[in-house]
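> Going line by line, the protein sequences match chains A, B and C. Counted from 1, the first sequence has number 93 at position 93 by the working numbering; the numbering is strictly sequential. Counted from 1, the second sequence has number 209 at position 209 by the working numbering; the numbering is strictly sequential. Counted from 1, the third sequence has number 305 at position 305 by the working numbering; the numbering is strictly sequential.
Among these hints, one or two may not hold up.
As the list claims (entries may be wrong) - Below, a sample of chain A positions facing chain C; criterion: calculated Cβ distance under 8 Å:
(1) M1
(2) Q90
(3) D130
(4) G185
(5) F317
(6) S321
(7) F327
(8) P329
(9) D335
(10) G336
(11) L337
(12) I338
(13) S339
(14) G340
(15) L349
(16) R351
Since the hints were made in silico from the structure, they are not lab data. Here a beta-carbon is modelled for each residue, glycine too, at the ideal position from N, C-alpha and C.
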Amino acid sequence: MIQLIDIQKTYGSLRALDSVSLTVREGSIHALLGENGAGKSTLMKILSGFLPRTSGRILLSGRDEDLGSPEKALAAGIGMLYQEPMDFPQLTVLDNLMIGRSHGFFLQKKHILLDFLKISDELGFCLDPDLPLRRLTLGERQQLEIVRLMSLGVRVLILDEPTTGITDVQKSALFTCLSRLRELGKSVILVSHKLEDVASLCDDATVLRQGKVSGHFSAPFQSMDLLRCMFPESQSPVPSDHHEPGNPFFFLDDVMASDGRVSLKPLSLRICSGEVLGLAGLEGSGQELFLRVAAGLEPLRSGSITLDDFCLSGRPFREFSSRGVAFVPGSRMEDGLISGLTLAEHVALNRSGGSLFFNKKHALDRTRQAIRDFWIKAKPDSTVDSLSGGNQQRFLLSLLPDNPRLLLLENPTRGLDHDSTLAVWTILLDRCRTSGTALVFSSPELDEILQFADRILVFFQGELILDGLCRDLDRDAIGSAVAGMRKSF
Amino acid sequence: MNEVWMVILSGVVAGSCPVLFAALGETLSEKSGVINLSLDGCILLCALTAFVASYHTGSVMAGFAAAALTGSLVSLVLGLISIYLGVSQVALGFVLSLLCRDLAYFFGNSYSRVQGVEVAHWPVPWLSSIPVIGPSFFQHNLAVYLSIMCIVLLWFYSERTGAGLSMKAAGENPHASFARGGRPRLVRLYHVVAGGALAGIAGASFSLFFKAGWGRPQGCEGTGWIALALVIFGGWSFFRVALGCYLFSLLQIVGVFMQQHFVDIPAQVFQVAPFPLMIFSLALIHVYGRVSQRVIMEPHGPFRFLSAFFTKVTHPAPAHLGKHFEP
Amino acid sequence: MTLSVSRVSRFLNSPGLSLCLVVFSVIAFVSAVLALSGVAPLETFRLLVQGSLGSSVYLGHVLKTFIPLTLCSMGLVYTFRIGLWNIGIEGQIIAGALGGFAFFRLFDTWIAFPLALAGSFVAGAFLALMSGLLKTRFGVHEIFAGLGLNFVAQGFTLWLIFGPWKRPGIASMSGTDPIADVFFLSEKGPFALSTFAIVLVVVVFFLSWVLIRQTLIGLKLHASGTNPTASRLLGLRPSLSLLFALTVCGGLAGLAGFFQVTGVYHRLIPSISSGYGYLAILVVLLSRYDIRFVPLISFFFSCLNVGSIQLPMILQIDSSLSGVIQGLVVLFFLLVKSMKDRSVQNQVSNREVSDE
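If we strip away everything but chain A, and leave its shape as in the complex, we get (with noise of 0.2 Å):
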């Protein structure tokens, strides 16, 4: 049995958790939910001994335990099965067992085989062990990591999100195997935000919101208990003006897209200039595959998309960005900042063309005037790198061109207080007026998709499954959409 007392985790002035507390019982499933940045994976972490809490206690059937670290942790028999789990994929899975226990000179590769055969078999698993580990699918490297840490000696295992980006039926596979593991005795911690999983799982289920405990439940749930848990009505402010969308402009038909994680329904979607559209949806529904697919920056398997009358189908990014199509992507600094180039060295570059001569001037006024209208706390000299992650968000909104026709964000304020993402938006929602520039943008927040955008996009597992204009949409729907609840609406 295991009891968190009074966890708390603080980053200086951000407080990440507060307070929270929870007992998992021996041999049951207990689910931690709550919307993205919540505090559920930070929780998880601490109890997994990758990072350490700044106050609190946590007591394995009754004893102080310190999991200071992560092999403390794994040695008091709590193992992590991240979503991306840390492995070896060049290496057979044979392999990637082995690696991490002691060994004397010789691999008992025989020994550890029989170990591995008759774990996977009591789990309802089926894996090859001289297959590389990249032929695995996501599900299968799960698999094999439960597997793994299972023949570690692991009697609390901890699930983060580990339904995103596997298939149904290895999903059901790995619903059986906790099934059988909660039967073994072993304690399982599972945390997700899909009530699905939930209903049909868990023993127990608590709800964090914003780092702090929101509500403790048992078997059977009531799905709207946990709804309006996890999605209270907040203060929302009233909507701003929507006012009325002009001509349709962009269009997609019947588009298909993957990316090898998620694949794309197939989708069909009219944008009008002026309109601003908001993406909902879990992470790894789509909404990012779909922005991307709309900026020309992934290939269409099939479909098409037309601007105006201009087929932009299978054309390279290039061809969009000079008809109007911006792109500003979600990772900062992978994919839409240079490290080691300043403020004023991006402002130059970008698009600069084919232009060879650059004047310095030019480049460092244009630069003051982004830094002051979009209160970036930098000098045009400083590199990208030093500015903080609110800072270079805003950096990045500064580059955009200054009238496109369609302006495509991924998750534009991540990381924003909220007085800089109100900021933002009011830049944001003003070019659309006055230019009829056409917004689309996926977010997290509930509350942000319904106080700026004009109508709702709710994808899951790929699938488009709810448009609507969000005046005409309640939030309890929303969420159940979100959530993957179908209900005909």
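Guided by the hints, dock chains B and C onto chain A, whose structure is given.
The following block gives chains B and C in isolation, referenced to the frame of chain A:
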């Protein structure tokens, strides 16, 4: 006709001995994640060391030992500075290669055209009498036999021991290795030093029997680069790298033969031919793999056997080869 | 505690100290090497200086090395900026030499000269683009492709020297027949050097300086090499930048080969590249990829090369001492730089901790 085959086979086995040592050592190092570009200069320096040591002591063993020590030292410098101080492996290795080469020529100045000790011929007593195979494989010296044994020993090390597994883990994903309690940096250091020792033995093989003596040029120049290329070509597997070495040696011997028959085509064509052939085949495999990847979507679909084939044929480098790791 | 650490770090960070450390280490090491060989270090250093800067004849030789070395080094600045290890530069010099020489054999009149010049540039660029193509389209490892093409170029040269282009009667390692006198680069003035060659180097240097430091090209190369994905979003075309860098580098290497043929050897010999390609890599490593330092370091290395020529005759030591010194300078430089970088990093992280 039998005799021609015997001579060829024998030449291939003996001729590939130095390259084999160097390439196997480099494979060991690269599997753990460290690329040792200093190989060419290092081999030259070790060749000199072996020659000098054996000349002054009269013992071939002393020569081999000195060479192995020199190779280990050079690789130790490379390993310590790149693994622990973060200097680029490629840059450092390159500089060391040139430095070792020049040091070798500098110190070797007084040893040019001096008669040294040579490795003794050592036919294996009973096996060398077997027709065809006997003279080809068992009428060589100890170094050649060791080079063949190395292939098997290293394969065994890699696949059947815990240390070999740590080596692979450090080369593929040092972060995961570290997370699972390993010490990838130390593992890398051990393996690059071991690779250097083998490079030293390669150098000794040159100056003590294969191209015995010292001169400027010595004759082993270029071997290091060839070994590096063969590791890539052999897909970082000991058996395939060995196969590549033998093929390379075969092409060179065939070249010598061809020269006698086809006087018109100059020798250089055959000497150089292995390289464009290797590049061409690597490129072909890559393109083939890319094309088939678009066809083969599912690992369990109807094209599974094809994808299994390409898994065996396309050999990617250890994922973290040349990349710095900081815990 | 923090105060003394920051003082030490500031001391360590001064470029003057790094330079002193490197120079001191190299002198110490080389002196040890020389002492082991039974030679007086001071005498050796004196000879090196005298043999390179001591007379106008020597200086002329230094400049003859300086020109191809600097051309190659400048070219490498472009490729290093975009993050490439163009180890195939040796082959590109050879290709340039072959390309130029071919035109000299084909034409007898003055037209051969400009054609050969252009041909050298194109041949070098072509080989560089080949290794680039092998890397991007065919996934062949950068170093493997470069090395492979080096060997191919060398082999091809040998074949030409012993085959179609051999001296009538005897084919030998001393090379082919010389090119016509009229194509020799003139050897004017106190340094016996062609104005054309010097002007070429100066022009390329200033052009490169302007291109890399004053225009967007340098920035585009740097951006494309660091983060091609983000570069594309900013509207850049990383693949074009790559082609540009390779073309320039290969072309300049080709010109170096051209100079070797017309200004130094006046014919084609097996080792026409003289190892300048690899040496140029050392020059650029030492110059921290900054084009402003390239001529200075290139001159220093050239002095070492030329100064060491007489060492075998006077002191009975091998002239590869110059290579030893060059290698040691770069080695110690890399070492000192990495230690400096680490101390800066520690400083930064210490400051972060204390802020909390």
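> Confirm or reject each hint.
Okay, the hints, checked on the actual structure:
| no. | hint | in the structure |
| --- | --- | --- |
| 1 | M1 | 35 Å, violated |
| 2 | Q90 | 15 Å, violated |
| 3 | D130 | 26 Å, violated |
| 4 | G185 | 42 Å, violated |
| 5 | F317 | 6 Å, holds |
| 6 | S321 | 7 Å, holds |
| 7 | F327 | 7 Å, holds |
| 8 | P329 | 7 Å, holds |
| 9 | D335 | 5 Å, holds |
| 10 | G336 | 5 Å, holds |
| 11 | L337 | 6 Å, holds |
| 12 | I338 | 5 Å, holds |
| 13 | S339 | 6 Å, holds |
| 14 | G340 | 6 Å, holds |
| 15 | L349 | 5 Å, holds |
| 16 | R351 | 4 Å, holds |
Checked against the numbered hints above, the structure breaks hints 1, 2, 3, 4 and satisfies the rest.
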